[in-house]
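Q: Here the protein sequences line up with chains A and B, keeping their order. Heads up, the first sequence is in the working numbering, so the first residue is 6 and it goes up one at a time. Heads up, the second sequence is in the working numbering, so the first residue is 6 and it goes up one at a time.
Be a bit skeptical, because a hint or two may be false.
If chains are identical, the list can't say which one is meant, so a pair holds when it fits in one copy or spans any two.
Here are the simulated EDC-like pairs of lysine to aspartate or glutamate, each with C-alpha atoms no more than 20 Å apart in a straight line [stated by the list, open to error]:
| hint | residue 1 | residue 2 |
| --- | --- | --- |
| 1 | K119 | D91 |
| 2 | K25 | D152 |
| 3 | K148 | D129 |
| 4 | K164 | D130 |
| 5 | K148 | E167 |
| 6 | K172 | D130 |
| 7 | K119 | D130 |
| 8 | K126 | D38 |
| 9 | K119 | E135 |
| 10 | K176 | D130 |
| 11 | K127 | D141 |
| 12 | K127 | D185 |
| 13 | K206 | E167 |
| 14 | K172 | D129 |
| 15 | K124 | D163 |
| 16 | K118 | D131 |
| 17 | K90 | E188 |
| 18 | K124 | E135 |
| 19 | K98 | E65 |
| 20 | K210 | E174 |
| 21 | K172 | D185 |
| 22 | K172 | D141 |
| 23 | K118 | E137 |
| 24 | K126 | D76 |
| 25 | K148 | E174 |
It is worth saying that the hints were derived from the structure and are not from the lab. For clarity, every value in this text was computed on a predicted model and none was experimentally measured.
2 protein chains.
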Amino acid sequence: RIIEVIEQHQSKEQPLAGKKVLVTAGPTIEVVDAVRYFTNHSSGKMGFAIAEVARQLGAEVTLVTGPVQLDEPVGVEVINVTSAKDMYDAVTKQFNEQHIVIKAAAVADYRPKKQHSRKMKKQDDDLMIEMERTDDILKTLGKLKTDQYLVGFAAETDKLLEYGQGKLERKNLDAIVINDISEEQNGFKSDTNAVHVLTNKGFNKAIPLKSKHEIASQLFSIFIGEMSGDGS
Amino acid sequence: RIIEVIEQHQSKEQPLAGKKVLVTAGPTIEVVDAVRYFTNHSSGKMGFAIAEVARQLGAEVTLVTGPVQLDEPVGVEVINVTSAKDMYDAVTKQFNEQHIVIKAAAVADYRPKKQHSRKMKKQDDDLMIEMERTDDILKTLGKLKTDQYLVGFAAETDKLLEYGQGKLERKNLDAIVINDISEEQNGFKSDTNAVHVLTNKGFNKAIPLKSKHEIASQLFSIFIGEMSGDGS
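Could you put the whole structure together from the sequences, leaning on the hints where they help?
A: This is how it looks when you write it as structure tokens:
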């Protein structure tokens, strides 16, 4: 880890020096009772790779992460959260002072309406769990946005570009990274990914299968290009 | 790990030599769709400790485990499963030839009635998730039982002994290990535990806070004592 830190300081290419970058990663946990919860298959690997690369490019990085099994990236401020509500609070609190915000976390859209602190006893019958929508973090950030460069992720199994383009516009994003999770090597758990990037300037590019670290590097080339007015 | 294997072979106290022991561990995952799932906080540590101690005591051990972040115990046959249905199938298939069966897994009682292979699109409204009961593994084993020594676990937050005694009788168990999960140091994630053991011969003992490995050792003293007719 010392070597990593030295390498980082020696690197001449620090296009994000002086910039603050906020990255979210991992799943959230939505509690049903003392034992049971809802969650999702996000491993946090993509978000952690993005945080790492942002740091290597010279940024001051804050990583807000749900529960994952990964080592903390060197030189990055890590904020651990559990629920969608925690994630919302941490991210909105930090948003104002950021230059780039990349929301790679897979935040629960729904949480159980009632959360029991004790363990519910089971019944013989079926059980209806009433779920309510969580606050939409990306949509909130899209409204709060002043001059932050705001990037969302879309994990989809169907109509990828159509859903992605819709989300980009609806949530007032600068860019969206679309992830086809029906392919195993692009999946949540894998170390590789293949994505499709759309931006609100009309940039449209498929990035073929690569390590999540390489994907992160390529994403920053695109974002930095766009931020500096070079739209290609 | 080589040293562990050697130590094991050198150990003189092998009261379970020639016995087959089946242990279950960890949570199960019940899929809602391609991304979302329902699970629980079991870490698998208690079940893994039991499997390890059973092996050290000379048994031939099969460990059926849900998804956990633990190293496989040395010299134990590990069967990985995901859902309650997988766990049911694996355990009932193995049950007949076992001498001792210890069900430490936290198997989901409920699973979503519909499981979507694609990702469901979210709606603005609330969402009702209809859950159905999974097959009760312990109850099934209690019915299938010939001369197996069958041990269940109860993770409770309330009325521990009352619920535990009820489960012992209702499911035709030989013993039940009751776990107060409202205390953090007894929790699913911790390396320590404190339990209360009840047996169908009327044995009743609280085991105070200890490492899960020590708890496992003490449990086997009790079970072996009971199986050999020494009820104390």
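Q: Each hint: holds or not?
A: Going through the hints against the structure:
When the C-alpha separation of K119 and D91 is checked against a cutoff of 20 Å, the pair qualifies only within one copy, where the shortest distance is 17 Å, while the shortest distance between copies is 29 Å. Taking the shortest Cα distances, K25 and D152 sit within 20 Å of each other inside one copy (12 Å), while across copies they are farther apart (66 Å). Taking the closest pair of Cα atoms, K148 and D129 come within 20 Å of each other only across two copies (18 Å); inside a single copy the shortest separation is 46 Å, beyond that limit. Taking CA atoms no more than 20 Å apart as the test, K164 paired with D130 passes in neither setting, with 37 Å inside one copy and 22 Å between copies.
Taking the shortest Cα distances, K148 and E167 never come within 20 Å of each other, neither inside one copy (22 Å) nor across copies (53 Å). In this assembly of identical chains, the alpha carbons of K172 and D130 lie at most 20 Å apart only when taken from different copies (18 Å versus 39 Å within one copy). Within a single copy, K119 and D130 get their C-alpha atoms as close as 19 Å, and across copies as close as 16 Å, so both meet the 20 Å cut-off. Proximity of K126 to D38 under the C-alpha cut-off of 20 Å is restricted to the intra-copy arrangement: shortest distance 10 Å within a copy versus 25 Å between copies.
Taking the shortest alpha-carbon separations for K119 and E135, both the intra-copy value of 8 Å and the inter-copy value of 15 Å come in at or below 20 Å. For a Cα distance limit of 20 Å, the shortest separation of K176 from D130 across copies, 18 Å, qualifies, whereas the shortest one inside one copy, 41 Å, does not. Only between protomers do K127 and D141 lie at most 20 Å apart by alpha-carbon distance; the minimum there is 11 Å, versus 32 Å within a single protomer. For the identical chains of this complex, K127 and D185 are inter-copy neighbours only, at 17 Å across copies versus 37 Å inside a copy, given an alpha-carbon limit of 20 Å.
Only within a single protomer do K206 and E167 lie at most 20 Å apart by alpha-carbon distance; the minimum there is 16 Å, versus 65 Å between protomers. In the homo-oligomer, the alpha carbons of K172 and D129 lie at most 20 Å apart only across protomers (14 Å), although the nearest pairing inside one protomer, at 41 Å, exceeds that limit. With identical chains, the CA atoms of K124 and D163 are at most 20 Å apart between copies only, with a shortest distance of 8 Å across copies and 37 Å within one. Taking identical chains as interchangeable, the C-alpha atoms of K118 and D131 lie at most 20 Å apart whether they share a chain (17 Å) or sit on different chains (9 Å).
Proximity of K90 and E188 under a CA criterion of 20 Å is satisfied in neither setting, with 30 Å inside one chain copy and 25 Å between copies. Taking the closest pair of Cα atoms, K124 and E135 come within 20 Å of each other both inside a single copy (17 Å) and across two copies (19 Å). When the C-alpha separation of K98 and E65 is checked against a cutoff of 20 Å, the pair qualifies only within one copy, where the shortest distance is 16 Å, while the shortest distance between copies is 55 Å. In this homomeric assembly, K210 and E174 come within 20 Å of each other (Cα to Cα) only inside a single copy, at 17 Å, whereas the closest approach across copies is 63 Å.
Taking the closest pair of Cα atoms, K172 and D185 come within 20 Å of each other only inside a single copy of the chain (15 Å); across copies the shortest separation is 45 Å, beyond that limit. In the homo-oligomer, the alpha carbons of K172 and D141 lie at most 20 Å apart inside one protomer (12 Å), although the nearest pairing across protomers, at 43 Å, exceeds that limit. Within a single copy, K118 and E137 get their C-alpha atoms as close as 6 Å, and across copies as close as 19 Å, so both meet the 20 Å cut-off. In the homo-oligomer, the alpha carbons of K126 and D76 never lie at most 20 Å apart, since the shortest distance is 37 Å inside one protomer and 32 Å across protomers.
Taking CA atoms no more than 20 Å apart as the test, K148 paired with E174 passes inside one copy only; the shortest distance there is 12 Å, against 58 Å between copies.
Hints 4, 5, 17, 24 from the earlier list are contradicted by this structure; the remaining hints agree with it.
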